[in-house]
Structures are given as C-alpha cells and as structure tokens.
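Engineer: Mind docking chain B on chain A? Use the hints.
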Amino acid sequence: MRSPIDARSFEWGARALLFATVLALLWRVWSPPPVAGNEAVTSDGLAGALQRWTTGPAPGRASLRIERLPSPAERDWLAAVVRAGSDVEWHGSLDAIAVEALASAEPQHSYVIRATGAPGSGLTVTDGAREIAAIEAREGAASVRTTVLSGPVSVNGRVGRASAARPRARRIGRVAVIGPAGWETKFVIAALEERGWNVESRVAVGPAVTVGTLRGATLDTSRYSAVVVVQQLAGGSAAELARFVRTGGGLIATGGAIRDRSLASLLPARPGRSLGARDSAVVTREALGGLTLAPGPRAAVLEARAEAPVVAAGRVGNGRVIVAGYSDTWQWRMRGDDSSLEAHRDWWSAVVGAAAYAPDTAESVHSPESAPLAAWHAALGPPGAAEPLLLRGRRLPVEALLFALAALALLSEIVSRRRRSLP
Amino acid sequence: MVGLVSDFVFCTGRYASGDWDSAPLVPANIIDSVARYTSIAVSPSGVVASVDSRDVLRHPLLYMTGHLPVRFTEAERRMLRQYTRRGGMIFLDDHNHDIGGIFHQTATEEIARTWTPLRPLPNTHALYSCFFRFDGPPTTSHELNGWGDNLIHPQLSVVYEGDRIAVLYSNKDYSSEWNYHPDNKRFLAVDNTRFGVNIVVYALTH
Numbered sequence: 001m002r003s004p005i006d007a008r009s010f011e012w013g014a015r016a017l018l019f020a021t022v023l024a025l026l027w028r029v030w031s032p033p034p035v036a037g038n039e040a041v042t043s044d045g046l047a048g049a050l051q052r053w054t055t056g057p058a059p060g061r062a063s064l065r066i067e068r069l070p071s072p073a074e075r076d077w078l079a080a081v082v083r084a085g086s087d088v089e090w091h092g093s094l095d096a097i098a099v100e101a102l103a104s105a106e107p108q109h110s111y112v113i114r115a116t117g118a119p120g121s122g123l124t125v126t127d128g129a130r131e132i133a134a135i136e137a138r139e140g141a142a143s144v145r146t147t148v149l150s151g152p153v154s155v156n157g158r159v160g161r162a163s164a165a166r167p168r169a170r171r172i173g174r175v176a177v178i179g180p181a182g183w184e185t186k187f188v189i190a191a192l193e194e195r196g197w198n199v200e201s202r203v204a205v206g207p208a209v210t211v212g213t214l215r216g217a218t219l220d221t222s223r224y225s226a227v228v229v230v231q232q233l234a235g236g237s238a239a240e241l242a243r244f245v246r247t248g249g250g251l252i253a254t255g256g257a258i259r260d261r262s263l264a265s266l267l268p269a270r271p272g273r274s275l276g277a278r279d280s281a282v283v284t285r286e287a288l289g290g291l292t293l294a295p296g297p298r299a300a301v302l303e304a305r306a307e308a309p310v311v312a313a314g315r316v317g318n319g320r321v322i323v324a325g326y327s328d329t330w331q332w333r334m335r336g337d338d339s340s341l342e343a344h345r346d347w348w349s350a351v352v353g354a355a356a357y358a359p360d361t362a363e364s365v366h367s368p369e370s371a372p373l374a375a376w377h378a379a380l381g382p383p384g385a386a387e388p389l390l391l392r393g394r395r396l397p398v399e400a401l402l403f404a405l406a407a408l409a410l411l412s413e414i415v416s417r418r419r420r421s422l423p
Numbered sequence: 424m425v426g427l428v429s430d431f432v433f434c435t436g437r438y439a440s441g442d443w444d445s446a447p448l449v450p451a452n453i454i455d456s457v458a459r460y461t462s463i464a465v466s467p468s469g470v471v472a473s474v475d476s477r478d479v480l481r482h483p484l485l486y487m488t489g490h491l492p493v494r495f496t497e498a499e500r501r502m503l504r505q506y507t508r509r510g511g512m513i514f515l516d517d518h519n520h521d522i523g524g525i526f527h528q529t530a531t532e533e534i535a536r537t538w539t540p541l542r543p544l545p546n547t548h549a550l551y552s553c554f555f556r557f558d559g560p561p562t563t564s565h566e567l568n569g570w571g572d573n574l575i576h577p578q579l580s581v582v583y584e585g586d587r588i589a590v591l592y593s594n595k596d597y598s599s600e601w602n603y604h605p606d607n608k609r610f611l612a613v614d615n616t617r618f619g620v621n622i623v624v625y626a627l628t629h
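Chains as they are written, first to last, in this note's numbering: chain A, 1 to 423; chain B, 424 to 629.
This is chain A alone, in the form it adopts within the complex:
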C-alpha cells in the first residue's frame, strides 16, 4: 500500500501532466500547423493541404492518396510545390479518361467525339450548352457524332473529367452524282441530300438527254468534294475525273462504273465474281447483291462478305478512291427493317465523307485537359511503389492523443484522492 506522501506526489504528478497536456492542446489550437517534415493527404484534403503548403512552410515529403483525378488547377499547383523542393509521392489506381473532338467531312455529323474510360463505365458527353449523349465505354472506348458543338467538349466519368477544345469545322464542297436513271442513282442522291450534302447530279435518261443540276461545270476541288459515279462514263469524262482525284478530290465508283475501263487506272480494286443477292422479306446490307472485288496491292478493304472484299479504298495522287461492289443499296433502304432508312443514309454519307476533299480550316488544338490522367502522370510522375503505412489506416491525430492523456491524468488523480477518502 502506498503511503499518503507517495499518493500526494502521484496526484501532483497527475495534475502537472493534466496541466501540461491542456497547455499543449491550447498551443495546438492557436499555433500554425507544423508542416515541415512528412505529411499524408487524401483527395478530400488536397485543396486544404495545398493552401497550407503555400501560405506556410511546405512539407519535406508528402504522400498523397487519390481516389479521383484532381482538378487541373490542383494538379498544376501540386507540380509547383514539387518544383519548389517538396518530395511528393502519390498512390492510387485510377482509370484513364480522355476525349478527342474531331471535325469530320460529313455535313450533318460535322463533329466526331471519341472518349475513353474504364471498360463498361458510363460517360456523359457535354458541350458548353447541353448534354450531347450518355454513352458506355464498351471495351474502354466509345464515340458520338453530332452536328453542332457549342464551346469545348467535356466527358465526365466516375474518376474525373476530360475536356477538349471545339475543333474548327472543315470546309465541305458539293458532291456530284453521275449515273443512269434508276433506283440506285435516285436513292444515292436522296441519301446524300437527306444527310445534308449539297448534291449536283447528272442523270442519263435518253441517248443524249440528261437531267439534273450538274451541267458543264468543271470538276475541281474548289467546288466539289467528291464525285459518285454509278455508270460507265462517256469519253473524256474519265480524264477530267482523273485530274480531279489527283488534285485531292474523292471518287466513289459503284454500279456500272466498276467495270468502266476508262476508270480502271484510278480504281483500287478490279471487279471480281458476281455476288448474288439473298432474297428475303427484310433486306440487310449483308444480303445485297453485286460484285466482289479484287483489291490492288495498296488497297484497303473496308467491307467484306465471307472474306470476299466488297468495298475497298485507295489513294490516287492527293485524292482518295472508294469502290463499292454493292449494286442495289436502294433495296436495303426500301426493304430493310425500321432502321434501314437511317442506316442507308448514314452508310452513303460515311462512304462519301471518307473519300471527300474537306481541308481543315485551322490547326487542331490539343490541351492537357483532353487526357487528364496522362497530364497527371506527366506532372507528378508514376505512382509510388508502396503505399506508406500512415496512409493505409486512418491517422490518429495528435490532439486525440493529448486529450486521452489529459483524461487519464485527471482520472488517476480522482481515483487516488478517493482512495485516501478525500473529496
């Protein structure tokens, strides 16, 4: 059993400890935070830490655990702290998110927005005025086409946001369609006009009779972006067409044009064997008849049926040439399912857009915000190899330790006094 003198000494010691811890707590409250040395921060505390490290002494070493991508301002601010001498190491597993906005050569889908995100994750595409689309990044990527863009494009995902400047629209000229009077010519013209192309046509209806608005105009890239030929050409037209293509114009040959000997030197593929149409109540593009193609050595096959090419593309001079072996795509539009009308328009517009002369009106604009994870890596380097122990669990603050110590000292003193029967 302790003597009363020992007990009093113990109580004085407990009082002194209590007094010291209360003083320490008060000092912690009113004094500037001690920032020198090591510090650990999470995504939620990053904004406050950056302010602290800027208005007070910066840490010698900091560990950052992030669950989402910091904003561009926080990223640049942190990079500045690193350049000022702090050693910042980051940890966290983040999915990439990125966006690219391109001006296309199609009038009604003037812009193509490509986005990447975690496979299967949802992404919201917006511009300065509206939500353009909510898409799923199947296999990590997705794309959206739109006619109008107001301001920069943003893609928002679970881990953050990427944005890209609006590209300048490309200059798109007219499309000339030359063909015989028939359903294929009619519906090629209709599909392109319905997709916003300015079409001029020359349709042969009699031995020396043509109808349409393409009359005597010279084919050049200042006026025309592409020419669609659905028939064999009259003498002299092939030479003009060759000049047009070599200077950058686009040529799409289909129907009788595939067998036109005067065009053979321009076409990236020769006609192959006949391709019978599959007769069914509902016609799909895969069921269309026509010709298979024998692509030349530098041709790119765009579509194939049972490994037989039916659409091929190639370059001639500065221009591009596409050969489409389908003979009656109008059947797909008229006799397809409910989506075939739109699909027929889209397909023809995409084919012409792929070949069309449509120069960029300005240099593309790239910004770090279009790929924020890449920009984060560029600014902060790769993540740290191992997460520090301090970041793994919740950190016990010093204030809590001091409070526990003060409470223990007070309790000890009370117990000691009670044991001596003092109040």
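There's no promise every hint is true.
Pairwise CB distance ranges, derived in the manner of DEER restraints [what the hints assert, rightly or not]:
no.: 1; chain 1: A; residue 1: 208; chain 2: B; residue 2: 477; range: 36 to 44 Å
no.: 2; chain 1: A; residue 1: 139; chain 2: B; residue 2: 447; range: 30 to 38 Å
no.: 3; chain 1: B; residue 1: 440; chain 2: A; residue 2: 139; range: 53 to 61 Å
no.: 4; chain 1: B; residue 1: 477; chain 2: A; residue 2: 378; range: 54 to 62 Å
no.: 5; chain 1: A; residue 1: 196; chain 2: B; residue 2: 477; range: 28 to 36 Å
no.: 6; chain 1: A; residue 1: 218; chain 2: B; residue 2: 440; range: 50 to 58 Å
no.: 7; chain 1: B; residue 1: 585; chain 2: A; residue 2: 218; range: 41 to 49 Å
no.: 8; chain 1: A; residue 1: 138; chain 2: B; residue 2: 477; range: 42 to 50 Å
no.: 9; chain 1: B; residue 1: 586; chain 2: A; residue 2: 208; range: 21 to 29 Å
no.: 10; chain 1: A; residue 1: 93; chain 2: B; residue 2: 477; range: 34 to 42 Å
no.: 11; chain 1: B; residue 1: 585; chain 2: A; residue 2: 138; range: 34 to 42 Å
no.: 12; chain 1: A; residue 1: 166; chain 2: B; residue 2: 496; range: 33 to 41 Å
Just so you know, these hints were derived from the structure itself, not from any lab.
Yeah, the Cβ is synthetic: ideal placement off N, Cα and C, and Gly gets one too.
Structural biologist: Just chain B, lined up with the frame of chain A:
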C-alpha cells in the same frame, strides 16, 4: 443483271376495296413509251403488288387507279405511309374523270387520312419538264367530250415528302386516256402517253 443496277419495273398497286385493275393496258403502254423514248433499262412486263404487303417496297413507283369508292385498310395505310417515307412515289389516277365523283371523294379523303390533304402542284414544277416539256398537266379527251364533266382540271394535286412528290393525284383520267394497246400509238398524231414518261423519269430522278 448481276453487278449492275436493276431494271425499272412498272408496278400496279392492288388494294382491297374498289376496282384496282380497271385500266389493265396502261402498264404495257407506259413501259412501251419508256423503252421507246428513254435509255432507262425497263423490264418488258409490269407487276402487281398488294399495297398492304412488303412486296410493294420492291418497286419505288406505284400506279393506282379505279372507279369505285376507295377505303384503305389500316394495314394498307401503314404500308403506304412507310412506302413514301422510305422514298417511294405513288401515282393515283381517278378513272372517273369527273369532279365530285365517288372515287375522287373517297380517294382524297383516304389520302388526307393516310398522309396530309392534297395541295395543288404548280404547272411550272419539274414534273412537267424533266423529259418532255409541258405547260401543265396534258388534257385528256375525256375531259372535253360528253363522257366527262366537260371541265378541264387545270392542276394536279400532290402530297410532298420534303420537297419531293410522294403522292401524285390526278382526276384527269389518264387511266382511260392511256388504256389501249401500244401498237395503236401509230394512229395518233402525238403520243398521248408522253406525260407518263415524265412521271417515270421524275420518280427515278427525284
């Protein structure tokens, strides 16, 4: 021919009510004229397709006529709407050639019910100049003799799909005017089926 575009096939529409086959010689006569005056690859014989079946979608120009009251079934209306929306054109001719006749009354009601009310077609429209030149719809002998109403109908009527004619309606009775064997054209000073060629050329180019 495989590998080239398909031929034009003249198609007559069969509907459930009325007498859709009242002018059986018109198809052969128009086919003859198209082959005679144009370079259009045309099938030598026409076909008949029910307007409530998907068969009609094989032929983007459809000729319909009759004398009797016309009442489309719901399936016919649905298919005809789909037909014109996808790009088909219908030429519907009143075989009665009279104003206020029963075909005219019921056909115009059905057109309004299926699409929109008819609008007059300007006589300067491309239909009148896309192959042969006309100052408006050519008159028919039935408009001027005792069989008809002795009135010249100055304009045809249409339903537009965008700026394209989707339904061309005539109460000039071309079905009577053109309903004769093509061999008998040699007895005419001027071939009266030339306007039929314009209808085909317009349908194939617009």
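Engineer: Each hint: holds or not?
Structural biologist: Hint check results:
Remark: the range hint 36 to 44 Å for residue 208 (chain A) to residue 477 (chain B) is upheld by a beta-carbon distance near 38 Å. Checked against the given bound of 30 to 38 Å, the beta carbons of residue 139 (chain A) and residue 447 (chain B), roughly 59 Å apart, lie outside it. Under the hint 53 to 61 Å, the C-beta atoms of residue 440 (chain B) and residue 139 (chain A), about 55 Å apart, fit the expected range. Checked against the hint of 54 to 62 Å, the pair residue 477 (chain B) and residue 378 (chain A) passes, with Cβ atoms roughly 58 Å apart.
Restraint check, residue 196 (chain A) to residue 477 (chain B): a C-beta distance of roughly 29 Å satisfies the suggested window 28 to 36 Å. In this structure, residue 218 (chain A) and residue 440 (chain B) meet the distance hint of 50 to 58 Å, their C-beta atoms being roughly 55 Å apart. For residue 585 (chain B) and residue 218 (chain A), the hinted distance range of 41 to 49 Å is not satisfied, since their beta carbons lie about 30 Å from each other. Between residue 138 (chain A) and residue 477 (chain B) the beta carbons are some 33 Å apart, a value that contradicts the proposed interval 42 to 50 Å.
Distance hint for residue 586 (chain B) and residue 208 (chain A): a CB-CB separation of about 28 Å, consistent with the stated range 21 to 29 Å. Under the hint 34 to 42 Å, the C-beta atoms of residue 93 (chain A) and residue 477 (chain B), about 54 Å apart, miss the expected range. Our hint of 34 to 42 Å for residue 585 (chain B) and residue 138 (chain A) holds, since their Cβ atoms are close to 35 Å apart. Between residue 166 (chain A) and residue 496 (chain B) the Cβ separation comes to about 51 Å, which falls outside the hinted range of 33 to 41 Å.
Checked against the numbered hints listed earlier, the structure breaks hints 2, 7, 8, 10, 12; every other hint is satisfied.
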